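Student: Starting from the known structure of chain Y, arrange chain H on it as the hints suggest.
Residue numbers (this note's numbering), protein chains in the order written: chain Y, 4 to 471; chain H, 10 to 371.
Quick caveat, the hints were computed from the structure, so don't treat them as lab data. None of these values were measured; they are calculated from a predicted model. Worth double-checking, as some hints may not be accurate.
Quick look at which bits of chain H chain Y covers, simulated, 3 or more residues with Cβ under 8 angstroms [stated by the list, open to error]:
no. : segment
1   : 26-33
2   : 106-112
3   : 272-286
4   : 291-303
Where a beta carbon is used, it is the ideal one built from N, C-alpha and C, also for glycine.
Listed below, chain by chain, are the residues.
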Amino acid sequence: MEKKRTQIDEFERNIYDIYDTDNIEYQVKHGLTEDIVTEISMNKNDPLWMRERRLESLKIYNEKELPKWGPSLHELNMDEIVTYVRPKAAMTDDWKELPDDIRETFERLGIPEAEWKALDGVGAQYDSEVVYHSMREELLKQGVIYTDMETALQEYGDIVKEYFMKLLPATEHKFLALHGAVWSGGSFVYVPEGVKVSMPLQSYFRLNAPGAGQFEHTLIICEKNSSLHFIEGCSAPKHNTINLHAGAVELYVKEGASLRYSTIENWSKNMLNLNTKRAVVEKNGKIEWVSGTFGSHITMLYPMSILKGENAKSEFTGITFAGENQDLDTGSKVVHAAPNTSSTVASKSISKNGGKATYRSSVVIMPQAVNSKCSVVCESLMLDSESRSDTVPVMDVRNDKADIGHEAKIGRISEKSIYYLMTRGLSEEEAKALIVRGFVEPVTKELPLEYAVEMNRLIGLELEGSIG
Amino acid sequence: MAITLENMNPLQVPTWSWLRINSLSLEFMEDGPSAYRKEAKITLPEGVQIDNIFIGAETKAIPDSVKRNYEFISDNYNSALALTIPEGALPDTPIIIEYSLDEENRLLKDYIHIKAEKDSDATVIIKYSGNTKEEAFHFGFTLLEAEKNAKIKIIKLQMLPETATHVDAVAVQAREKAFVNILLNELGSGKTAGACDVLLNSEQSSAHLDGIYIGKNKKEMDLNYRIAFGAKETEGKITVRGALADSSKKTLKSTLDFITGATGAKGSEEETVLALSDKAVNLSAPLLLCGEDNVEGQHATSTGRPDSDKLHYLMCRGFGRREAEQLLVEASFTPLLNKIEIPEIREEITQYIGASIYGKSI
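Looking at chain H on its own, in the form it has when it is part of the complex:
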């Protein structure tokens, strides 16, 4: 049996209904024998603690854009983790959490609570992959609380099979002078509804919200990213790079929200889309909302084919057209991939992108 999830990924300020961008409805599998029963594979550096418990948040602390996600997961999770990075902890290797779907475990609903205490500095990698020919479903929610001066990077890798529906949300609350870098790699699945909402609610907190997506075959993606500037001198940047092939469809709603009182806040957002097919559909809604005059906000969006001059240059140097195009696609992701310190993961993503769009990586 399927259930319908209504009003997911709401646009912060609704617009014309004929654009079909205000919210999303999607079908999701109800609990049954295929529910995920495995343990997540966890790589934990010394000094970091993880428990199999659900640590919720006050509903009012969850932003509207992901409230539906939170309500659903808190009632329905089948995996819950609570990760604590203690005060001053500086683990020299990343914390890695891996979920892998298979024929017997096709319905994963995971909730991860991350508490990064004062002055901690860590990277958390969360990976969703799987190999199943049957319909699969993933519903995830990650809540990050970054305390004063914490410096946290979360890298999410979504490499689910095309048979999967992937619904994921990240909510971030950043305290004074905390810096949060969220890198969301939406690479797999047949249907994706991804959201990330960062609230910079203490002075001088800052965030980079980076997204990579690729569309292939008939994949449908609806991504809803927001940084809210809720305190003085906060800074945030949304950077999204994507490529759309075949008959894929992508909707990106990205919002910079300057709340009254956020004097001296600075924000920017940028999306670059490489269109690789005349059948792909690309919707973008970069919102800039402002209730405070002493701020600087800007956004830029561009959509087009890979640059013809660059293609020509590469082809003059012996590459075939397809190879040259593939190099440009991979190069467009490089600035974001370079934020991943672990070469093996960078390489894995590059290989995955090459294989997804071109059947192989160069």
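In isolation and in its complexed conformation, chain Y is listed as follows:
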């Protein structure tokens, strides 16, 4: 008798796939030229230094080659991408002031509701511009700044100039150079020394226009002994053309500070998601990455922690779910650059229906990072033999006083585990559901309840059939 495999259905995308028409106020021409970059800069009223950086980034973009590793990006044709789309909405701090269709989109996604229940502040970006931003009064009094990047550039120009793309230089790779040239929107967060932000801040990025690119820039500075949980969500309706996301996230975690950066990514399956995220962590500081990658056609995303100060810590917890026509190349990078630093990586992936999930990582232990510790654990669940799951980790250890451990597992759901649970009274279906929920639990438990529920909904754990 042929055995059935465990099935994990993909989630219903209905609420994500609703496309708002006719809400574009202005957009630049297709393609990427000096004129277009200058036009974006003029439109945004950039200071001169920013305009010069954009044009310098464009030059670098034109000189850089596409990466010679990872998923094929042959479907990307920059001549067909619109790099800036301004919606018909001015930025506000009142949801009611947004145009109906844009407000309804965010309501369907549950953003205003989440704000009332569980957030200290919300930013919502629609195509290339942030359309909504607000923060609780108490945080304002404590000196916390949470605003869109354009406002930050005008009002806190010196701070932005000091940090902007210093951690992510345009010279590093082609898509950072692209970002440097055409970035628009994103969030700026400044948490003063000693301030603990009790509830998370959230920025949500919605890309609505077909054939458009979204290039938001997130810059977070947590001063000494401060703490923050920042949540990033993203989605887009499905179009028949390629959309591009090349955002950038720069996180500065100062001495004794802690920052948790959570992402639930649910781009549509025509999206090329080429995002770059990096944190630098100083003495006794801590960065925690929680990352759920569900959507997109292609993703290349590897959040990086640079542990620059003694006792700095990094934790990465991630899950990737690759279905039909998806090539999700995700993972993490850690550089231990100071003594007594520690890092952990826990990565999970599920692949089905011909989806490809790749875990790619690097751990570098510098000569000065004595007594550092790193533990990497990655597990991959394959649900059929049309899919692929690859693990490509590299460890580069340059001192003898470091403990480095790496473990990886790949395979189906264990029949023994099913059998064990069934001997304890669970039905086969219940046993399988429990095991898969247990598989993703290390990620969901790191999220606030509302987001854990959303993630479980995204995975849509509907199981049928038997194992083996």
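Tutor: Coordinates of chain H only, in the frame set by chain Y:
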């Protein structure tokens, strides 16, 4: 004159170029008066046949990871051997092939073809050593075809002088229910580019790929090991133990590759590295590639100093710190060395390791 060998030891799935792990380029000596002209010293048990001929393979049968090696050796070899272990042969002593470099024979390019016929069971020891103060080069390629039910162990001992560049590859094709154990001892030379690619392309074939390496002085090693599971119920295991002293540098790329259709395959890989110097550089890339859901694959890598509790225990029992550390280093290799049935060879390796890292063996 030197020639440059490009794109050697390619990583099965390329990654970030800044890690400098995707492939290797190295300089190699061109033919000249120092080319190896001696006969290999061969110890042959009864019933086993060896000839001085080149028996090639179809290029498409050679895996990509060692294809560059094969192309080079088939055009440039200066020693070729074809070893046949006949059907059902069970020689009670190992087949031993020894090459020794000296001042007049400093450029060895050897190709060894091993055909292990059905139901044969044998051990082949291939040893490279030498004593030359001048630059020396070894380029080797060993192709093993293990037929149905064959049980073959290949032990390679590389004890070349520090002046040597050593480029070596082993390619294995295992037929139904064959079991292959490859034990690679990368102990000597100043530069090493070692590769082994095992293709389990018939049902229930299995392989153990074991590696021992030591790094000392400024030695550079680039090792590329792979087991490909290409048929049902195949099993494979990569186990590597190493120690890195002084300013040595090691790169190990180890890959378990589950090819679609290899249902019921099981694979594991494990590397344990003892770091003995704050100047040593240790790169590891343990790849797990999977195109089949009904498999079990896992890998584990650990890097660190010799266990401090064990060191303390030994020092409490009268050993000096250096002796205690040396005992732990030697002990870490023991599980793999115990697979060598011949005590003299085990002892020779242990002595060599002790002398290399600590100047003497305990």
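Student: Does each hint hold? Answer for all of them.
Tutor: Hint check results:
no.	hint	verdict
1	26-33	holds (count 4)
2	106-112	violated (count 0)
3	272-286	holds (count 5)
4	291-303	holds (count 13)
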